[in-house]
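Trainee: Residue strings, one per chain:
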Amino acid sequence: MQCVTRAGCTLRGFGTALAFAVCVLGGTARGADAVVDVWAAASLREPVSQLARRFEAQAQGRKINLVFGASNALARQIQSGAPADVFLSADDVSVDRLQAAGFVRPETRRVFASNRLVIVAARELTVPLAGPSDLLRPEVKRIALAAPEVPLGRYAREWLAARGLAEAVKARTVVLGDAVATLASVDSGNAEAGIVYLTDARTAKSARIAFSVPAAEQPYIVYVGAVMQGGDQPDLADEFLRLLVSQDGWAVLRAAGFLPPPPTIAPSPDAP
Amino acid sequence: MSGGELIAMTTLTLRVGVVAIAFAFWPALGLGFWLARREFRGKALVEAVIALPMLLPPVAVGLGLLLLFGRRGPIFPLLHALGVDLPFTWWAAALAAALVGFPFLVRSCEQAFADVEPRFEQLARSLGYTRAATFWRVTLPLARRGVLYGTVLAFTRGLGEFGATAVVAGIQPGRTETLALGIWSRIELGDDSGALALCAASFALALAATTLAEGWLRRAPRAEVKARS
Numbered sequence: 386m387q388c389v390t391r392a393g394c395t396l397r398g399f400g401t402a403l404a405f406a407v408c409v410l411g412g413t414a415r416g417a418d419a420v421v422d423v424w425a426a427a428s429l430r431e432p433v434s435q436l437a438r439r440f441e442a443q444a445q446g447r448k449i450n451l452v453f454g455a456s457n458a459l460a461r462q463i464q465s466g467a468p469a470d471v472f473l474s475a476d477d478v479s480v481d482r483l484q485a486a487g488f489v490r491p492e493t494r495r496v497f498a499s500n501r502l503v504i505v506a507a508r509e510l511t512v513p514l515a516g517p518s519d520l521l522r523p524e525v526k527r528i529a530l531a532a533p534e535v536p537l538g539r540y541a542r543e544w545l546a547a548r549g550l551a552e553a554v555k556a557r558t559v560v561l562g563d564a565v566a567t568l569a570s571v572d573s574g575n576a577e578a579g580i581v582y583l584t585d586a587r588t589a590k591s592a593r594i595a596f597s598v599p600a601a602e603q604p605y606i607v608y609v610g611a612v613m614q615g616g617d618q619p620d621l622a623d624e625f626l627r628l629l630v631s632q633d634g635w636a637v638l639r640a641a642g643f644l645p646p647p648p649t650i651a652p653s654p655d656a657p
Numbered sequence: 027m028s029g030g031e032l033i034a035m036t037t038l039t040l041r042v043g044v045v046a047i048a049f050a051f052w053p054a055l056g057l058g059f060w061l062a063r064r065e066f067r068g069k070a071l072v073e074a075v076i077a078l079p080m081l082l083p084p085v086a087v088g089l090g091l092l093l094l095f096g097r098r099g100p101i102f103p104l105l106h107a108l109g110v111d112l113p114f115t116w117w118a119a120a121l122a123a124a125l126v127g128f129p130f131l132v133r134s135c136e137q138a139f140a141d142v143e144p145r146f147e148q149l150a151r152s153l154g155y156t157r158a159a160t161f162w163r164v165t166l167p168l169a170r171r172g173v174l175y176g177t178v179l180a181f182t183r184g185l186g187e188f189g190a191t192a193v194v195a196g197i198q199p200g201r202t203e204t205l206a207l208g209i210w211s212r213i214e215l216g217d218d219s220g221a222l223a224l225c226a227a228s229f230a231l232a233l234a235a236t237t238l239a240e241g242w243l244r245r246a247p248r249a250e251v252k253a254r255s
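Read top to bottom, the protein sequences are chains A and U.
Quick note on numbering: my numbering labels position 106 of the first sequence as 491, and the sequence is numbered without any gaps.
Quick note on numbering: my numbering labels position 78 of the second sequence as 104, and the sequence is numbered without any gaps.
Bear in mind the hints are in silico, worked out from the structure with no lab data behind them.
This one's a predicted model, so the numbers in the text were calculated from it and none came from an experiment.
Among the clues, some could well be false.
[Said to hold, decoys possible] Now the in silico label distances, taken between C-beta atoms and shown as ranges: (1) Leu-82/U / Glu-524/A: 26 to 32 Å; (2) Ala-636/A / Gly-241/U: 14 to 20 Å; (3) Cys-225/U / Asn-575/A: 51 to 57 Å; (4) Leu-521/A / Pro-100/U: 25 to 31 Å; (5) Thr-236/U / Gly-549/A: 56 to 62 Å; (6) Leu-82/U / Asn-575/A: 38 to 44 Å; (7) Ile-101/U / Ala-486/A: 17 to 23 Å; (8) Leu-521/A / Leu-222/U: 34 to 40 Å; (9) Glu-552/A / Ala-34/U: 44 to 50 Å; (10) Asp-111/U / Glu-492/A: 35 to 41 Å; (11) Val-85/U / Glu-492/A: 52 to 58 Å; (12) Ala-34/U / Glu-524/A: 40 to 46 Å; (13) Gly-68/U / Ser-573/A: 47 to 53 Å.
Every residue, glycine too, gets a C-beta built ideally from N, C-alpha and C.
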């Protein structure tokens, strides 16, 4: 059809160009790399990123795609069809739920680390926090906790409840989406105090560790990894998980401050 | 944050936005024209349904998409048979962006077509233009300002889409993490400078889109005069 006006012609050309854009931009340039999608608890960001780089360097043509977030949220997304090959959770509950729904290859499931809860204080907080009751001081206006569904949030609330502080701190609680965000809110001074993992607290720029939850009061914290059912790269996924639970993997985790898996769980055969 | 990451995220955002508009454009244009020219019972209801993605919280739109397109949704098996697993891919992000931008585009098109004087169309018909020719040569050129405005609005709305995208595509760096999602994850990490860099990239994209559209609108009338002479 002939164009009478340039404007009409251009507008049509514009529309046609948009239609073509689907074809051009739609065809994603897939590299030849074998990609393993590793979905991991936010608190594992540093060691798992490091191990992923090491894994990629071990052989040509393999790539790890990392997604970090709250374990419960990641598990829910995997259940909704997210393409995870390996899931590394900061609790066993999230893995149990996935396993019950048939998403986990049970024989690959491993408990590979533990962690501790510490109380961090913002730089701006002038009064010292020496123990649990100091969380109730008037200067501590906001206490950062991860959401109750998030593993860290559940652990922190378990401890607060055991100390009888759950109700008392409720009014000053600010709720964050995952472990890293919880630390970030204290590190930026937007909350005066927070309950976080020791491993995250060590990465703080300005916040400091006020005190640790005593060993006897520590909740049962376990990191659980498993290969997911039906991934594109089952062998590579398995290999990555094995690297994580190997001696090399443990060295990286230990350097980041993680603890060995709790003794009530038998260590995996590959673990040191 | 590395420059490579910034470029990759900007490219992904642009790709999501362009594909979203490419999908939304023709249906919205047709729907806008139809709504502008027809009066019927229940039109208000149709308009309300079209406006829903704009009126609902984006997270609710995301939930709706996940229920429809997700692993247990009714549309999943259809697409799966075609070899497409939509949820948690960048296609899902494009779908979310298209859906939230769609009402803006339909509204603008409808308004633009409604503003076209029907006498011009009647005149064109009386001079022997077919219906299609009238639309392409008379109606659409006269409505171009509104159509283009709506396109830019829907495009930029799609670029900034957060809520629905996070639900249906997830925040997967390098795969579905658009600028808007990247800003959020950097805030969560406490990386304010990284978040600001991504804000600047978003701003640049939006500015480029509006400047391009403005430039084209300004150039268009002159071209028309030239064509007539």
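Trainee: Decide, hint by hint, whether the structure agrees.
Mentor: Hint check:
no.	hint	result
1	Leu-82/U / Glu-524/A: 26 to 32 Å	violated, 42 Å
2	Ala-636/A / Gly-241/U: 14 to 20 Å	violated, 58 Å
3	Cys-225/U / Asn-575/A: 51 to 57 Å	violated, 19 Å
4	Leu-521/A / Pro-100/U: 25 to 31 Å	violated, 52 Å
5	Thr-236/U / Gly-549/A: 56 to 62 Å	holds, 58 Å
6	Leu-82/U / Asn-575/A: 38 to 44 Å	violated, 30 Å
7	Ile-101/U / Ala-486/A: 17 to 23 Å	holds, 21 Å
8	Leu-521/A / Leu-222/U: 34 to 40 Å	holds, 36 Å
9	Glu-552/A / Ala-34/U: 44 to 50 Å	holds, 47 Å
10	Asp-111/U / Glu-492/A: 35 to 41 Å	violated, 25 Å
11	Val-85/U / Glu-492/A: 52 to 58 Å	violated, 37 Å
12	Ala-34/U / Glu-524/A: 40 to 46 Å	holds, 44 Å
13	Gly-68/U / Ser-573/A: 47 to 53 Å	holds, 52 Å
The structure fails to meet hints 1, 2, 3, 4, 6, 10 and 11 from the earlier list, while all remaining hints are met.
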